[in-house]
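Could you build the full structure based on these sequences and the hints that come with them?
Protein chains in written order, with numbering that gives the first Met the number 0: chain B, 0 to 219; chain U, 0 to 163.
Since the hints were made in silico from the structure, they are not lab data.
Some hints here could point you the wrong way.
Once the Cα atoms are required to be at most 16 Å apart in a straight line, the calculated EDC-like pairs of lysine to aspartate or glutamate come out as [unchecked claim]:
id, chain 1, residue 1, chain 2, residue 2
1, U, K142, U, D49
2, B, K30, U, E44
3, U, K140, U, D75
4, U, K22, B, E135
5, B, K23, U, D49
6, U, K140, U, D49
7, B, K23, U, E56
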Amino acid sequence: MGTNNGMSDYNLARLNFLIVDDNKHMRALVKSILHALGVKNVLEAGDGADAFKELRHFPADVIISDWNMSPLDGMDFVRMVRTGSDSPNPFVPIIMLTGYTEMNRVMEARDSGVHEFLAKPVSAKKLYSRIRSIIEHPRSFVRAGLYFGPDRRRKTNTNYNGSERRKVGSDQSVTTPGVVSEVAVPEAAAEKPAADSGGGGDGEEEGGMSQDDINALLDM
Amino acid sequence: MADENKPDAAPQFVKPPQTLQNKITKGGPGAVNLAALAKAEAVIENLSDDYLNWVSEDFVRLEAAFNTLKKGAPDDKANIDAMFSIVHDMKGQGGSFGYPLMTQISDLLAGILENSETFGSREHKSMRVYIDAMRVVISHKLKDDGGAEGKQLLMGLTLMRDKG
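Put into structure tokens, the structure is as follows:
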């Protein structure tokens with residue numbers, strides 16, 4: 000039986016997941032969902048510092064991290080993973096799973112280097128949808144100023160006729176991990192008008208955005 | 000600082016290793032299909048019974064923090080932060096475990112904790128109402144939208160918030 004709803008049927012059994020959340024119930028919930036989706040290997044950590052230690056010996060393929068934790072919160076953890084000189088895996092895909100869903104929070108998470116943003120409350124479909132996005136849309140990493148992380152543009156606008164203000168050198172791409180080249184960097188989503196923040200969605204918070212609106216914003 | 004980290008340095012692209020994609024297969028036994036998704040949702044449904052026990056523990060901590068706040072200084076930041084942390088967790092968990100009313104009420108309470116500059120009797124009264132509403136959700140097990148009782152409860156709280 001296929002998913003029949005536009006979702007692709009991926010086998011996740013060989014992937015290693017690291018769940019980072021200071022709340023044991025949320026960790027248990029996410030772990031249970033992952034196991035039900037066929038994931039075998041899940042490791043838990045109670046905050047960013049714990050998680051960073053675990054990464055030294057646990058080859059995570061995907062990290063699912065909360066934001067509001069102490070002593071090291073989700074944002075600091077993401078920055079350590081991406082730019083820390085001793086980071087064991089700067090390229091690992093990270094899903095930020097959080098109740099912070101205001102637009103400025105979503106953009107802050109994006110600018111720290113997360114791959115996907117998942118608004119609590121979580122459901123199996125919503126979580127799988129973000130995992131699927133990581134599988135189906137692998138992105139190059141960009142080092143620009145103090146930023147290092149996945150390319151924040153998810154779509155290439157082939158109809159764009161404006162000047163490429165930040166273009167430096169040629170449009171060559173790099174094929175070797177860790178080797179860099181200078182390429183054109185079109186405008187990031189943050190520089191474009193925000194998506195309509197109206198609409199419903201489960202768990203939408205006051206002043207916050209629904210998952211659909213978050214996806215639309217990040218897809219721009 | 001390395002040259003590539005300077006704000007005016009040329010942006011550089013790096014192709015990450017495709018370790019994740021190499022471990023994925025498509026279709027076949029064990030692949031995520033509608034049945035697997037339904038199973039995963041059922042897992043959440045089963046955990047929702049335990050949720051009321053967990054949230055009751057959080058609720059006790061919340062009430063204790065609130066009582067401390069009422070007795071303390073109006074700008075007791077440490078206690079306000081502690082309350083916000085509890086409420087933020089409750090907000091994230093409620094809807095996840097089938098109690099979206101808890102998420103909505105927690106959100107209203109979090110709004111006061113996040114946006115108020117001082118915490119006097121006016122704020123205390125509003126917070127008391129939200130905390131009491133949480134107690135109703137837990138004691139009456141108001142799952143999903145809570146039916147007529149839940150809708151009435153949420154409407155009253157929203158009206159109260161809008162009136163300021």
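Hint-by-hint comparison with the structure:
The straight-line distance between the Cα atoms of K142 of chain U and D49 of chain U is roughly 13 Å, inside the 16 Å bound, and the hint therefore holds. For a cut-off of 16 Å, the pair hint linking K30 of chain B to E44 of chain U stands: about 14 Å separates their Cα positions. This hinted pair does not check out: K140 of chain U and D75 of chain U have alpha carbons roughly 33 Å apart, beyond 16 Å. Using a Cα cut-off of 16 Å, the hinted pair K22 of chain U and E135 of chain B holds, with the two alpha carbons roughly 13 Å apart.
The hinted pair formed by K23 of chain B and D49 of chain U meets the criterion: a straight-line CA distance of about 13 Å does not exceed 16 Å. Between the alpha carbons of K140 of chain U and D49 of chain U the distance comes to roughly 12 Å, so the proposed pair stays at or under 16 Å and holds. Between K23 of chain B and E56 of chain U the CA atoms are separated by roughly 13 Å; this keeps the pair inside 16 Å, and the hint holds.
In summary, the structure is inconsistent with hint 3 from the numbered list given earlier, while agreeing with all the others.
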